[in-house]
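S.K.: Okay, here's what each chain looks like letter by letter:
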Amino acid sequence: MAKQVFKRPDAIKENVFHYCPGCGHSIIHRLVAEVIDELGIRDKTVGVPPAGCAVLAYNYINVDMGEAPHGRAIAVATGIKRARPELIVFTYQGDGDIAAIGTAETIHAANRGERLSVIFVNNGVYGMTGGQMAPTTLLGQTTTTTPGGRLPLRDGFPLDLSQMLAVANGSVYIERTAVTSPKNIIKAKKAIKKAFQVQMDDLGFALVEVLSQCPTNWKLSPVEACRRVEEEVMQNYPLGIIKDTTHKGD
Amino acid sequence: MKKKGFIRINSELCKGCGLCITACLKGSIRISNKLNMKGYHPAEYIENEKSKNRKCTGCALCAITCPDIAIEVFRD
Numbered sequence: 001m002a003k004q005v006f007k008r009p010d011a012i013k014e015n016v017f018h019y020c021p022g023c024g025h026s027i028i029h030r031l032v033a034e035v036i037d038e039l040g041i042r043d044k045t046v047g048v049p050p051a052g053c054a055v056l057a058y059n060y061i062n063v064d065m066g067e068a069p070h071g072r073a074i075a076v077a078t079g080i081k082r083a084r085p086e087l088i089v090f091t092y093q094g095d096g097d098i099a100a101i102g103t104a105e106t107i108h109a110a111n112r113g114e115r116l117s118v119i120f121v122n123n124g125v126y127g128m129t130g131g132q133m134a135p136t137t138l139l140g141q142t143t144t145t146t147p148g149g150r151l152p153l154r155d156g157f158p159l160d161l162s163q164m165l166a167v168a169n170g171s172v173y174i175e176r177t178a179v180t181s182p183k184n185i186i187k188a189k190k191a192i193k194k195a196f197q198v199q200m201d202d203l204g205f206a207l208v209e210v211l212s213q214c215p216t217n218w219k220l221s222p223v224e225a226c227r228r229v230e231e232e233v234m235q236n237y238p239l240g241i242i243k244d245t246t247h248k249g250d
Numbered sequence: 001m002k003k004k005g006f007i008r009i010n011s012e013l014c015k016g017c018g019l020c021i022t023a024c025l026k027g028s029i030r031i032s033n034k035l036n037m038k039g040y041h042p043a044e045y046i047e048n049e050k051s052k053n054r055k056c057t058g059c060a061l062c063a064i065t066c067p068d069i070a071i072e073v074f075r076d
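Chains V and R are the protein sequences, given in the same order. So in this note's numbering, spot 204 of the first sequence is number 204, and the numbers just go up one at a time. So in this note's numbering, spot 66 of the second sequence is number 66, and the numbers just go up one at a time.
Incorrect hints may appear among the rest.
[To be verified] Here are the simulated SDA-like cross-link-like pairs (lysine to any residue), alpha carbons at most 25 angstroms apart as the crow flies: (1) Lys-34(R) - Cys-20(V); (2) Lys-3(V) - Lys-34(R); (3) Lys-38(R) - Leu-56(V).
It is worth saying that the hints were derived from the structure and are not from the lab.
Full structure from sequences and hints, please.
M.R.: Shown next as structure tokens:
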């Protein structure tokens, strides 16, 4: 008798994802849902999706969701967590959301050590609005607002938000992962699970940066986009644990 | 008998991105010539779940990679 070893997670609704073929968002949605299932926290989890491609995350992840203005997901999540500390609150944000428009509240939330789990999806462009340059866009990368490639003296340098937040004393766990191959996806799931675990243990601010592919706005096929993440993006944003002070227990 | 597996691909959920094809170590998945309701060419499983000499081991790497959760994996 055949045994089912992989099925749709219970915390994912039946709706078909609206994302483009090969998009990393849908993989990360599934990982978050699997982690919520495994930890058994679906009835007390509240998510805050961003403005951006993942704005409709509430159509897919079957937990309570509260929408926030662009970039303000962490500020809204702070309010939810402080009003109801027994809830597990996570935010799901893109790079334009967390690293450009929401930089102020993100840094201060990390510095205060808010008990939040933050999923930071970094694909280097503003995906929903048509692929404009984001702070995380790599030098030389062509976008609709940098048609000749990003120049450092005109457009500035790529912003490494995870490193910035690792400097803040309130953050306890920050890891950068990717979803380009089965191996990286399994590692990303472990990191997301740990970020939720840090919050359940009441330790402090946890953030998982996920390097994601955006085949449509990079104008590559899904397989080529995964290769670009591995060959180019990972050179600038190396994978691995950036900060982990959970073992100290304070 | 060696343990074998098989997969089922929901062709209406699949968008034909092809990531499962690069993930499959046995080369048991290909892009179909048919179109689904959305107008994509979905991935299709080459083997048959009833055949005895199939290569699929049920490792689930294709399902882990699939962005649209279109693949279900079974093991004998």
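S.K.: Of all the hints given earlier, name the ones this structure violates by number, lowest first.
M.R.: Number 2 - this is the single hint that the structure violates.
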